[in-house]
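Trainee: Residue numbers (full-length UniProt numbering), protein chains in the order written: chain E, 1 to 659; chain A, 1 to 154.
Rather than coming from a laboratory, the hints here were simulated on the basis of the structure.
Glycine included, every Cβ here is placed at the ideal spot set by N, Cα and C.
One should not assume that every hint holds.
[Said to hold, decoys possible] Partner residues aside, some chain E positions facing chain A, computed with beta carbon under 8 Å:
#: 1; residue: His533
#: 2; residue: Ser537
#: 3; residue: Lys539
#: 4; residue: Ile557
#: 5; residue: His560
#: 6; residue: Glu583
#: 7; residue: Asp585
#: 8; residue: Asp628
#: 9; residue: Ser631
#: 10; residue: Ala632
#: 11; residue: Gly657
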Amino acid sequence: MSKMLKKSLLWPFAVVAAIGFLSMGCSSNGEFGSSSDAAEKVYVAPGEHDEFYGFFSGGYNGQLGVYGLPSGRHIFTIPVFSQAAVNGWGYNEETKPMFQTSDGFVPWGDAHHPELSQTNGETDGRWVFINENNTPRIARIGLDEFRTQEIIEIPNSAGNHASSFVTPNTEYVTAATRFSVPMDEDNLQNMDVSIDSYKDNFQGTISFIKVSDEGHMNIDFQIRMPGFNYDLSHSGKGPSDGWAFFTSYNSEEAHTMLEINASKNDKDYIAAINWEKAAEYAANGEGKMIPGEHYRNYIDHEEGGVAKSELIEEVRVLDPRELDGLVYFLPTPKSPHGVDVDPSGRYIAAGGKLSTVIPVHSFDKMMTAIENEDFEGEEQGIPVLNYESILHGEVENPGLGPLHTEFDDKGNAYTTAFISSEIVKWDVETLEVVDRIDVYYSPGHLMIPGGDSQNPDGKYLVALNKITKDRYLPTGPEMFHSAQLIDISGEKMQLLLDFPTEGEPHYAQGIAAEKVKENQKRFYEIEGNNHPHAAKSEKETRVERDGNEVHVYMTTIRSHFAPDNIEGIKVGDEVYFHVTNLEQDWDVPHGFAMKGANNAELLIMPGETMTLKWEPKKVGVFPFYCTDFCSALHQEMQGYVRVSSEDSDVEVSYSTGQS
Amino acid sequence: MKISKIVGLMTVTILLLIGCEGGSDTNTEATANKEVEQELTEFEMTNGIGPVNEEITIDEIDPELAKEGMQVFDMKCGACHKMDSRYVGPPLGGIMNTRTPAYVMNMILNPEEMLEKHPIAKSVGSEYPTRMTNQQLTREKARAVVEYLAQESQ
């Protein structure tokens, strides 16, 4: 009885609690991101387009993921540094040269920081650049066709992390070595020396890659640097245009157990580089040319979209010990990771991984300190400015492990706190924390469309989180990383959406869709196909033998190949299928898959020619077929190749439509 | 046995009912299509629907234009059309004896709408399993192709 009484008395409390919970659920802005309000903000109705393109680096998948924002829909993947069997990138004869390096054919890469090209400090929708961290390279992707168009290798570099960031008119893409390595004094050649001779022998380099109006990249100059680890970078803008800033850690020059040994100094450095001056020095022939073999690989649009590799043998190196005013060190606590310049170009925010504050330097104060030679010392011949003299201020209590900062259009900065898993919003002028929001979990970079340019679209923020556990249906020990979309249009940040991303996205870039989508290619004009092995009509299809090389000039169109019966191929032949897609219709690629081929399929866009090399090893009749469902008769889109023994006298013959 | 018969009867009844509904749908569609067909003007019935909305006449073949047309045809049309035999699409050897130049140009330049709305295009289209694709010819190129087809039709 007393129990029942208790129960009935408690009922109203339960109801009140439930109502309270429900109402909280509706109005909350954090964990309750799945409220209908949030859903409405990310809902893009069927047939409608997202407001922004988001370009997310694929990290260890080596590619670039393209997402629509705010929906978080994964709309495309652009193959860049890793072979992609899905369309033959790096497997077909046209794109293999894109993987050429001074270490030979490198079929995998670690893609880290995408960066949109800029004009007048604003994203312009022409290209995305992205760096490869492992075998130092930088790629340029054309946003007219969402394809990698050029990849340049960075010599005298061991790891390429602090890249690829652009100057406000895309004059340069910057790159800096993550790992310093032993380099001889004269020619910066990697040396066979004891690792514990680090302090004597190890050096780093920072590279400036000139970008032409057409997008061609070449290394204009490198700057020899002390043997630290160079981590991230951003260029100045507005008043600080002409300068670029690079974080470094390991000013201790440790070579083992860096977690302890490179975390001893209270401060490491941001290297401030006067690239305008460096460019002048380079143009005047200062510094010296040294051997520095590296490849520039590019898709030759003049010649049918076939990639070419060009070996460049030398590189110009500038030495800050000999050339005045090139580099200054800004002391920065403590093992700084990100370095981010606000849209006004006046402030330089660092993310001190082990720091309890976010140090923000003032560009004006930096210039005054340089003028007054207000140095606290020098480091291997490079002046170190006085910390107190250049500091705009420190953001107090910014969360644990601040890494990266992006900016909105209202004078606010947003910093990821990796260890405390939150995003902290602070006022760039007053340096006061004004809001914070939990993210799930461990955010590395974050992205606001245009958030590192002079004109951010301060509407959305994407947190790129390293740990995903419990956010989606489990997929075994491995899960896609999670991105979280946060509304930053109001005073309080509001979590809107979780979505999974491929690989390990590091940085991302966002751009208003209208800056990109009007310039899309929909097909390649067959008249303009300059591929040396194109068959531009069914009349031109043929099979030609040249020794043990056999060239098949084939066409595809819904729903047949021509020729589709080929005989006279022999074991030991090298067969090249040059397949031209005669379609002139948007979104109608054709696939070409050959049984037993040791590479991948071809996926040929309308109007293009692609080449698959096949070395038949067995006698018999082998089918090929189209992999991309193209019409009602897609399944009938097939053919046969007869393979005879090496000593057979079957002549080459071919046909289509004969029975 | 009895039960299965009843189930069978019920199934048939349901199928019939669905059939009726489906039938009425088809009827509606047919009516709609008729309406579309009725909307076609006399010009469109003869010369097709599309960007070419005036009559094109070919009095004497221009051999230069016909040659250009042949090159375009080989590149953009020849994978599906032969002159003398059915291939992916219908043979075109005598096409200009049965269709007007404007009709053929509209078929080249606007195959999607033609196949959807024009009774002749629809009827021919239904005999072939692969729908005619838009090969993005310019009006000038389509005109040249027609010149070539006129030459071949002589």
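Trainee: Take the hints in turn and mark each one as holding or not.
Mentor: We went through each hint and held it up to the structure:
1. His533: At 16 Å from the nearest chain A Cβ, E/His533 fails the 8 Å test, so the hint is violated.
2. Ser537: holds, 4 Å
3. Lys539: For E/Lys539, the interface hint holds, since the closest Cβ of chain A sits about 5 Å away, which is under 8 Å.
4. Ile557: Check passed: Cβ of E/Ile557 comes within 4 Å of chain A, closer than 8 Å.
5. His560: holds, 7 Å
6. Glu583: holds, 6 Å
7. Asp585: holds, 5 Å
8. Asp628: Because about 15 Å separates E/Asp628 from the closest Cβ in chain A, which is outside the 8 Å limit, the hint is violated.
9. Ser631: holds, 6 Å
10. Ala632: holds, 6 Å
11. Gly657: Holds: closest Cβ of chain A sits about 7 Å from E/Gly657, inside 8 Å.
The structure fails to meet hints 1 and 8 from the earlier list, while all remaining hints are met.
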